[in-house]
Amino acid sequence: MKEKWYSLALKYLSALIVFILVFFPIYWIISCSFRHQSEFLVANAPLWSTDLTLENYRTAIMKADFGRCIVNSCIYTFSTVLLTLAIASLGAHALTHFRNFRAAKKIQVFLYIQQMLPGLMMTIPMFLIYWKLGLLNTYTSLILIYSCSGNLVVAVTMLNGYYSDVSNDLLEAAYIDGASGWQAFWRVLLPLVRPGLICVAIYTFIVTWQEFAYAQNLITDNKMYNVTVGLTAFNKERGKDWGGLFAASTLIMVPTLVMMVTVQNYFIDSLAGAIKE
Amino acid sequence: MMKTSLRNSSQRTPWLFSSPLILCMMTFMLFPFLLTFFISLSNLSLQRMNNPTYQMGFVGLKNFIAIWDDGRLLKIIGRTFVWMGGSLVLGITIGVFYSLVMTFDIRGKSILKAVILMPWVLPEVVTGYVMQLMFMSNQGIIWSMLVKIGLLGPDSTMLSNGSTAMLLVILANTWRAAPYVAVMVYGKMKSLPWGQVEAARIDGANSVQSFIYITIPWIWPIVKRCGILLFIWSFNAYGIIYTMTNGGPANATTNLAIALRNMAFGQYNFGKGAAYGVVILLLVLMSLGILLLLLKLLVKASANRRNAH
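So the sequences go chain by chain: A and Z. Its first residue numbered 1, the first sequence is counted upward by one per residue in my numbering. Its first residue numbered 1001, the second sequence is counted upward by one per residue in my numbering.
One or more of the hints may lead you astray.
To be verified - Restricting the straight-line Cα-Cα distance to at most 25 angstroms, the calculated cross-link-like pairs of lysine to any residue (SDA-like) are:
1) Z/1113 - A/24
2) A/132 - Z/1052
3) A/4 - Z/1112
4) A/4 - Z/1190
5) Z/1109 - Z/1223
6) A/236 - Z/1046
7) Z/1148 - A/161
8) A/240 - Z/1166
9) Z/1188 - A/112
10) A/106 - Z/1027
11) A/106 - Z/1282
12) Z/1190 - A/12
13) Z/1109 - A/112
14) A/4 - Z/1189
15) A/105 - Z/1248
16) A/4 - Z/1194
17) Z/1188 - A/236
18) A/223 - Z/1266
19) A/236 - Z/1281
20) A/11 - Z/1100
21) A/11 - Z/1109
22) A/11 - Z/1198
23) A/11 - Z/1108
24) A/105 - Z/1034
25) Z/1224 - Z/1288
26) A/106 - Z/1281
27) Z/1113 - A/240
As the list claims (entries may be wrong) - Reference excerpt, derived from the structure (chain Z facing chain A, CB under 7 angstroms, subset only):
28) 1070
29) 1074
30) 1106
31) 1146
32) 1236
33) 1239
34) 1264
35) 1268
36) 1274
37) 1277
38) 1286
Read the hints as simulated data drawn from the structure, not as lab findings. In this text the structure is predicted, and so the values were computed from the model without any measurement. Virtual Cβ for every residue (Gly too), placed ideally from N, Cα, C.
Okay, chain A solo, but in the shape it has when bound (with noise of 0.2 angstroms):
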């Protein structure tokens, strides 16, 4: 049956009313990273506007110091990355391929329990313990936070879904082989759920990467700021400098944007594939 016209219609209409939901304001952040201060001085906004310039990335830049904050987000997102998946990869394995493991059970129910629980007050004894440590404002407290308790747990929700895909008849086989149990898991398990070490990869990068709640309240000194923490300090610096301000957005939006433009197909069917229960 052809599909009517006005049905068609229908359709585009909606598409393009979803569009501009959700990417007009992404525009905006763009457009006014390049207008000139005085531009937000007056009312009536334009759309958009011809007389472009590149002051607001280099007051960013250069005065307020926010290339720092950049590669600080990059230390802290790398690092967790690559922790995350050392943990979970190692950890979704014992969960999902050992039938007599007696405590897999009782893991995969506190991991259950943990998702549910508000992690926001946990940033008080956290708070406290790196302070007693003398860990506050070091690379290191973050980066074990951010590996070790949230993401970790949607890390290996996720790894499980890839892993029990792997028949446990390849692992007998490595076993049969002679292999150790390290050499089956490195040799042959990995390389079979690269897919699913990716997927967790994106996902712990886009949640590092913009994570403001502990990068907040465990960071004071401004030479460790974050990309996020390094935004409201420059709001809070320059008032309302609304050029600058979106300058450093824009800036902070380009590896999410670049990642979610160039593997957004793939990590869209692996996102809601790793949700299948």
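Position chain Z against the provided structure of chain A, taking the given hints into account.
Leaving out everything else, chain Z in the frame of chain A:
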């Protein structure tokens, strides 16, 4: 497959593999969680801790009484539920709508898929700032549009008015959350059995009916899961509110998360901050229980209604 017949240390290997995970679970999840309860019962605060002769003192439920503050806690809890309810309902509705549009077979489908997750990968603080700029009086682009079409008077300010401020932060949160829901639901929606839809069409159902009676039950498990996730997030995320209104105007947008953060890291009173944390925990547990119960009753009621036809 009996592993025990091949390896005699069948318990050692999984323990070795899971030891980092278990270590993290104990140190970074269980221990801080228990510590929060202790702190909520103490009078810990930065001022006291800076005093070298300070010994941590237990004050029982004094912190909880203090944050109750003549019923102020109730108002904060109320706002938390408004924030949570609004974000949940809007987020899921719009998310499902996005997901439906993503299944349309139209040109430009891939552009849509490319941009759909962008709101979610954007940090909350960026979202907060851009929403603030767009809705600001006199300078906001959306504000001026609303005035032009007459929905807003030229003197009104959206962010200084308590109820519109709450609406705006909910909208900002929805803008971020709906794409996540959309992506989750899309996976299931793609696998909708079109045979059923065809059969329904032949029987005379139009698209709306087929959506309500076929699509929605099909995606319902995922919607439930997203609902729980959004529910948890709405108790945790204070970034949007912090950057848009910081709990204002006059505490109109102060929910539990903001209250916790400002008490613990604004006033540096850890005892009271932890007390807020315990309140959040209790509320989450209670609400989850009630919600799941309600859902079960709802499903049973509609099943009974359908069976009665």
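field: Proposed proximity, residue 1248 of chain Z with residue 105 of chain A (alpha carbon, max 25 angstroms)
entry: Answer violated: residue 105 of chain A to residue 1248 of chain Z is near 45 angstroms, above 25 angstroms.
task: Compare the distance between the alpha carbons of residue 1188 of chain Z and residue 112 of chain A with 25 angstroms, and conclude whether the hinted pair is satisfied.
output: Holds: residue 1188 of chain Z and residue 112 of chain A sit about 22 angstroms apart, inside 25 angstroms.
Satisfaction of hint between residue 1288 of chain Z and residue 1224 of chain Z, Cα-Cα up to 25 angstroms: holds, 12 angstroms
task: With a cut-off of 25 angstroms on the C-alpha distance, tell me whether residue 236 of chain A and residue 1046 of chain Z pass.
output: holds, 23 angstroms
Closest C-beta approach of residue 1264 of chain Z to chain A relative to 7 angstroms, hint status: Check passed: Cβ of residue 1264 of chain Z comes within 5 angstroms of chain A, closer than 7 angstroms.
Straight-line alpha-carbon gap residue 1109 of chain Z to residue 1223 of chain Z, limit 25 angstroms: holds, 23 angstroms
- request: Compare the distance between the alpha carbons of residue 1190 of chain Z and residue 12 of chain A with 25 angstroms, and conclude whether the hinted pair is satisfied.
  value: OK: residue 1190 of chain Z and residue 12 of chain A at ~19 angstroms, within 25 angstroms.
message: Need the status of pair residue 1113 of chain Z, residue 24 of chain A: alpha-carbon distance at most 25 angstroms?
response: holds, 15 angstroms
field: Straight-line alpha-carbon gap residue 11 of chain A to residue 1108 of chain Z, limit 25 angstroms
entry: The given pair, whose Cα atoms are some 11 angstroms apart, holds under the 25 angstroms limit.
- request: Given the hint that residue 1109 of chain Z pairs with residue 112 of chain A, test it: the Cα-Cα distance must not exceed 25 angstroms.
  value: Given pair residue 1109 of chain Z, residue 112 of chain A is violated - Cα atoms ~35 angstroms apart, limit 25 angstroms.
query: Does residue 106 of chain A pair with residue 1282 of chain Z here, judged by a C-alpha cut-off of 25 angstroms?
result: holds, 23 angstroms
- prompt: Any CB of chain A closer than 7 angstroms to the CB of residue 1274 of chain Z?
  reply: holds, 5 angstroms
In summary, the numbered hints that this structure violates are 7, 13, 15, 17, 19, 27, 28, 29, 31, 35 and 38.
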